[in-house]
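*Asks:* First to last, the protein sequences are chains C and S.
For the record, in the first sequence the residue sitting at position 208 is 208 according to my numbering, with numbers rising by one throughout.
For the record, in the second sequence the residue sitting at position 25 is 25 according to my numbering, with numbers rising by one throughout.
Please keep in mind that the hints were generated in silico from the structure rather than gathered at the bench.
It does not matter which identical chain is used: a pair holds within one copy or between any two.
With a cut-off of at most 30 Å between alpha-carbon atoms, the simulated BS3-like pairs for lysine-lysine come out as follows: (1) 311 <-> 161; (2) 578 <-> 510; (3) 161 <-> 132; (4) 257 <-> 161; (5) 161 <-> 199; (6) 228 <-> 199; (7) 316 <-> 132; (8) 316 <-> 257; (9) 577 <-> 514; (10) 5 <-> 21.
Source: prediction; values computed, not measured.
Number of protein chains: 2
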Amino acid sequence: MILDKINSPTDLKNLSVDEMKTLSNEMRKIIIKKVNTTGGHMAPNLGIIETTIALHYVFNSPIDKFVFDVSHQCYPHKILTGRKDGFLNESDYQKYTGYTAPEESAHDMFKIGHTSTSISLACGLAKARDLKCENYNVIALIGDGSLSGGEALEGLNFASKLNSNFIIIVNDNQMSIAQNYGGLYDNLAHLRETKGEAKNNFFKTLGYDYCYIENGNNIETLIEEFKKIKNINHPLIVHLVTEKGHGLTQAVDNKEKFHWIMPGELDEKPAFSMPESYTSITVDYFLNKAKNDSSFAVVNAATPGVFGLTKDVREKLGKQYIDVAIAEEHAIGMISGMAKNGAKPVFCVMSSFIQRTYDQLSQDLCLNSNPATILIYWGGITDSDATHLTTFDISMMSNIPNLIYLAPTTKEEYLAMLDWSVEQTQYPVAIRVPNIELISTGIEDKTDYSILNKYQITKKGNTVALLGLGNFYFKAVEVAKLLEKEEINATIINPKFITGIDCELMEELKKDHKVIVTLEDGELNGGFGEKIARYFGPSEMKVLNYGSHKEFSDRIPLDELYTKYRLYNELILEDIKKAL
Amino acid sequence: MILDKINSPTDLKNLSVDEMKTLSNEMRKIIIKKVNTTGGHMAPNLGIIETTIALHYVFNSPIDKFVFDVSHQCYPHKILTGRKDGFLNESDYQKYTGYTAPEESAHDMFKIGHTSTSISLACGLAKARDLKCENYNVIALIGDGSLSGGEALEGLNFASKLNSNFIIIVNDNQMSIAQNYGGLYDNLAHLRETKGEAKNNFFKTLGYDYCYIENGNNIETLIEEFKKIKNINHPLIVHLVTEKGHGLTQAVDNKEKFHWIMPGELDEKPAFSMPESYTSITVDYFLNKAKNDSSFAVVNAATPGVFGLTKDVREKLGKQYIDVAIAEEHAIGMISGMAKNGAKPVFCVMSSFIQRTYDQLSQDLCLNSNPATILIYWGGITDSDATHLTTFDISMMSNIPNLIYLAPTTKEEYLAMLDWSVEQTQYPVAIRVPNIELISTGIEDKTDYSILNKYQITKKGNTVALLGLGNFYFKAVEVAKLLEKEEINATIINPKFITGIDCELMEELKKDHKVIVTLEDGELNGGFGEKIARYFGPSEMKVLNYGSHKEFSDRIPLDELYTKYRLYNELILEDIKKAL
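Excised from the complex, chain C in its bound form (with noise of 0.2 Å):
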């Protein structure tokens, strides 16, 4: 193999276009074979090999600087840079993560795993550069579907101003993670049409001197052009076109399935015959509710599938389906003008991202109490990548005024939450998406989820009170038991409400409990249990937090998490012996 006596990209600098070629053939089938083996990103990586491979050999990084934006498409960079063994050995498949860390690779400036950031971080980059003197090319490289970002369009604002070099890739496969929407992509899509010659250019309109390069698939076309712009002492767009999943028919042809696929995904026909879940119950709730309310609408922004609006359900929600692109403040803007005039949105988002849009939640949306809905999905402790954690949206979100966050923990409360919600015409409400196995009581829940932060006692005990909030509330219950054979009758509440103190109940709680303890699925700090903490402060009552650390976990496994948290039973059982 050619890529055998490739072990950083001066490697790359002896190789002729077709050995380059061969390499890239080479490249794609580890990425298939171990993409499909641990699950990631196919079809971006795929797309994006014959750049990386004419990047590194016209560059010379990591003197020269590239920036990949969400790192979604890094695979053929790190295969480049050191880290092949992380392709072609399964045993280390793992080894590294699957999107840039500097701490991998002095290839790699910065650790990314969200969208829309890489002209603002290689900007500063450029001005750090520019600042001390220094010659160098820096290099962000940015796919079509991230463009629509307020970051992303505030630094092609900001960059084209810069007086030295800085070259941006639009690295256009007509794609984001699902379709494309809004008006720039008619501009890209007119753009590609006219071969980059059309008069009305979105990219110099901004400013930027513009390349068109048709065939970004094509290595022996790229180094030429790439030769040409290297150096370049001013700020360049270059409009790259390239085959999202390039060289493997499955992922052309179903672009948006192969974004991203699980393990064995290109194997199988998966059956879809999901058991039902909270995805599959909110989706049925939206097609029903459609039907019955064409004032009814879901939003999300250029993430569907996560939520299971595929095609036919997208379909068969008309109108009132709508995919802001990756917008998220735009769509917190929208839907607080949405409910605002009648309409009823609800708009589905990972724990993620609802952070891409504190000040719309906060200004557009709070301030204004206006009554939408927002499903926040995953949220929890997880052993995810340090950019994909989902641990911090209830201390993101539960101290911002008026809004209601909402913890259901079974199918039954959360039906009746979510339709609460949409029906009541007073809060901006979210609700956090149950991230564990779907549990149904069979029992309709009639709560008057508009008397607020109104707790549940689930179990009426003494001496120790356990808050088991959303998805820890089932850990509550198991704590309980454990407490039982210690001959503790503990009390269970399933709080409901994050954003408010059941103040009745704690004052009730202070008669016959000396220990509360708070059990929620996401940080400690600035979350729930804090302001338990904070209520009981003056009082004679000891208060046990639980829930992760103020920490970047990056891919570390549950178990130790669990550990260093405290979060096993049976800990949590020790830490209320001492404290009792």
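Add chain S to chain C, keeping to what the hints say.
*Replies:* Frame of chain C, contents of chain S only:
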């Protein structure tokens, strides 16, 4: 006066153009008098009087719906929609907020005070209208300065694809608060030069129909043009050129200064012998540092004036001064890149606006632990508008991992922290610039701030420990004096570090203290004190937390807030005695 007859927009409909011109003069006079008396946004409002009259003449508010971006420019709208008393009668000058406010009038759609939100909010109104099959005009009015913000750009990308009536009026007064910055503004200039005829048109590349109005201060023209576009069936950009400060020579000649003025600023020639302040010593530090270190740079997002970054200072800083325009997300991404590449950036931002960039703080900066410095100005509890509260920065920022957030209490401490932050290379650091009168000890602070989370005991006592954070350190000193009278020798602590707990000291306190009091000038929820409460939760220690409640207080007098939050020293004393 014509104005006597105008109690709602309907009353405009019978006026002749000449009468409307007279009306505009009357409105101009009362706005100038009022703003010069109370302080407020002068130039933006003067520039938009004619537009507002023409809008209300042609359109039919509140059936047709206007959304004013930032609502810096809503005074003429308020005058025409039943609130002229707030501008005519000195006794009513404080009756209305300086921003749009739905609780004041059905003509105000949203409470708005942060920029770049109008397109998304209006887009939501339009979406709801379309879902409900209603018919009317939805109009967003946005200044050129606000266009550079991420949410506005996201909204622009989205809104052009609405298949229905949607009008965005770009009020191009050729200014942000200071000068605009970025490639987009060259395009606006080019469009102005060509009277809208330039082939390369930013808005058209995004798919908008486009209409150019050169004389945005001419009522006749405006009415004519607005009539043409009323009930248009697709998204349209109206590029309206107005003069910021129109009709007031001083404001036209000095648009930056007259964007927002202090009471009486129009009459006086303010002598520039400002007393030493945290702002002035920061500027002195900047100038000195920049002279001696070419890698040092000062960054801000379109509000240089408020940080004392006057034209003179900006010129002295030269290329070491960077205004990113209204683009806080880009600012954080960029300073992360600058710090990564060896520069020493300091980003100046107001407490109320740092929340415009949560995800970038988390992902671009803190996850990467790049050593950039952020100065947070004016954090604290105030009687401000709900749109500009400065109580949320601690709870928003301090739960993000890796960030070091510092709270200095004196000049010497502040400068020591600032210089440490600029020179160190390990952490992203934010400093809460004291929002109190400058206090100088005269003694150089030689603390080594690289020893993290080391609190300072300034008075060793027993029984009660007072942790006075930043602005509220001196409140701790005062409360200690009250306690002395009660023969309680309290310990006083200056925590300095908002983002961590000095566990060693806390353990020490357990020995001979019964009550810990935390005092912070900001929101309790998610703030500093709650972490202390959580720390002591499992122990016998009682903890009292003081700060503001989770609410959007709206121009509530400070004494009312202090009473409600029990922040008066006597109230704190009362609570402590109760807890002992």
